[in-house]
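Model the placement of chain B on the given structure of chain A, informed by the hints.
Those sequence lines, one after another, are chains A and B.
With the numbering used here, letter number 307 in the first sequence gets 307, and the count goes up by one each step, no holes.
With the numbering used here, letter number 282 in the second sequence gets 282, and the count goes up by one each step, no holes.
Take the hints with a grain of salt, since some may be wrong.
No copy is singled out in the list; a pair is fine if it fits within one copy or between any two copies.
Pairs of lysine-lysine residues, derived as DSSO-like cross-links and limited to a Cα-Cα distance of at most 27 Å, are as follows [stated by the list, open to error]: (1) 91 / 68; (2) 47 / 301; (3) 99 / 202; (4) 219 / 273.
Because the hints were derived from the structure by calculation, they are not lab data.
Note that the coordinates shown come from a computational prediction; the quantities given were computed from them, not determined experimentally.
Number of protein chains: 2
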Amino acid sequence: MRKIFFMSLLTVGTVAFDAIETPFGKTDKIVGGAATYIAWSASYFSKLINIVSVIGDDFDMKELELLKNENGSNKNRGKVDTRGIDIKEGKKSFFWSGKYHMDMNSRDTLITDLNVLMEFNPIVPDDYQSSDILLLGNIDPALQIKVMEQLQSRPKLIVMDTMNFWMDIAWDNLIKAISMVDVLTINDAEARQLSKEHSLVKAAKKILKMGPKFLIIKKGEHGALLFHDNNVFFAPALPLEDVFDPTGAGDTFAGGFCGFLDKTRDISFDNMKRAIIYGSAMASFCVEKFGTERLKELSHKDIEQRVQDFIDLVQFDIEIED
Amino acid sequence: MRKIFFMSLLTVGTVAFDAIETPFGKTDKIVGGAATYIAWSASYFSKLINIVSVIGDDFDMKELELLKNENGSNKNRGKVDTRGIDIKEGKKSFFWSGKYHMDMNSRDTLITDLNVLMEFNPIVPDDYQSSDILLLGNIDPALQIKVMEQLQSRPKLIVMDTMNFWMDIAWDNLIKAISMVDVLTINDAEARQLSKEHSLVKAAKKILKMGPKFLIIKKGEHGALLFHDNNVFFAPALPLEDVFDPTGAGDTFAGGFCGFLDKTRDISFDNMKRAIIYGSAMASFCVEKFGTERLKELSHKDIEQRVQDFIDLVQFDIEIED
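The shape of chain A in the complex, shown without the other chains:
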């Protein structure tokens, strides 16, 4: 029997329930989690996304079916393989509840019920072994390491997201995980905490010595920076009339970034610049509605139009006199 190889993306991260309150409204439990946002976003680029995660049997299985796009009925999207999501009988899914402040840059966590996440033991199914890109969502770095150690051959690119929480409680494992990846994505405060440098340029130099060849520093509404060797690229965030719900924007960015690299089969610095613009475009959609709602209804034309908005936002025309 002949096996058909797709280019594909493997992601490991949370699939969860969120309850969100913003100045614009509030939701009951809706489907969220890093791997959910990543998969929705990447599916507009990648042919196949493989998820490793854990949920309880309380999860909204209709939402998973929609994400899978199994019969390919949504022509704009690739397929999502969810066989790597461990469903724990009689257990509850991870639940997070938070409330955003008026400025949308800060939020209070109201509830964190880890539930099944307490016993998450990520197992990479055999069918996922040949994935070309690995995107490690923000989870315990010990689990991120465990996933990397299960892969029989190294993916062409390993991208890792993390957060300040792991810097506070799991420093050694975090440093080990970071040493094993190609691209690290963190926000500006985390880059400062990780490097103990205030200047982001100095911070990036230190972090690039910890292992990753590329560092993406996310600055939310202020855009993102990509560092590689002595090169820096800056992509702005699109100025929006309203940011409705920022939840998942970072994961959506990472999903679009990796999906674009997967689709274009090019992991050069120049193509990473493009991938950051596509990732930023996807994030700009994400924040327009609650949860993953906006990510469910996109077309390729919408995405290209949004990328054009980014081009219009930053392009200028200067001839340097030598």
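Relative to chain A, chain B alone:
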């Protein structure tokens, strides 16, 4: 006798002493003030800059001589006419002292001695009447209006800087001044205060209805936005290893912006984009040393190289499929 007309820039603003403390060091009284930074920065572009200001006879006159470049000994710079600076006998110059916090984004004012600024009555000399661009530095909006009302013919472009202080204590005059200008430059917090909108896109729409055809929102280390009709342009700030002293960066930006427009004789939206990049380049020099120190030692080659750094920072190459 034939009169030679230069393209020229008229600026009104403070010429003052500052004492600055940053995490990198502290200064005694050094020469500062908005018009000082504006004139240093613009002089790398404009042939002639006319200053209207007020100082006491305690001022450092050698610094003024250096700024004037009267005999044209610095070939990189135009000349600065300081005959519009009123020198008050027996009085003291405006003095400000401040201390920056570690993040360089916030500072405490330690001393504000208004001194001669209390009796500042700006008079535009006859020789300044034909200036092509008017840049109103951050002073009492009543004085900004007074300057505009003295001009016999309207300059080709009027640019105005202001700050939250005048929103708090001089609202009506501020709104009147804003209604009379072409370009307003303020920071993001000030745009929110002026418009009572949190979203900068909504804020810009409201402010553009108050009179100005162009609005520049300065976001410090996060760059600057230019709004005009329904167009938005974003210019990043250059990520720097160290920001040594941010004092005067906004004025240096405005000076470079107006100087470039004056030199190129083009006030279209596309040329304003270029002017913002040149203004940002000048500001990125300003913060590298205390006060105006770095602005005194530049060459055109330095400036073009810095602009090239901006191009490298933001350029990417995406072909949109239609």
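Here is how each hint holds up against the structure:
1. 91 / 68: within (22 Å within a copy, 77 Å between copies)
2. 47 / 301: Classified as within; 18 Å inside a copy, 49 Å across copies.
3. 99 / 202: between (33 Å within a copy, 23 Å between copies)
4. 219 / 273: both (16 Å within a copy, 23 Å between copies)
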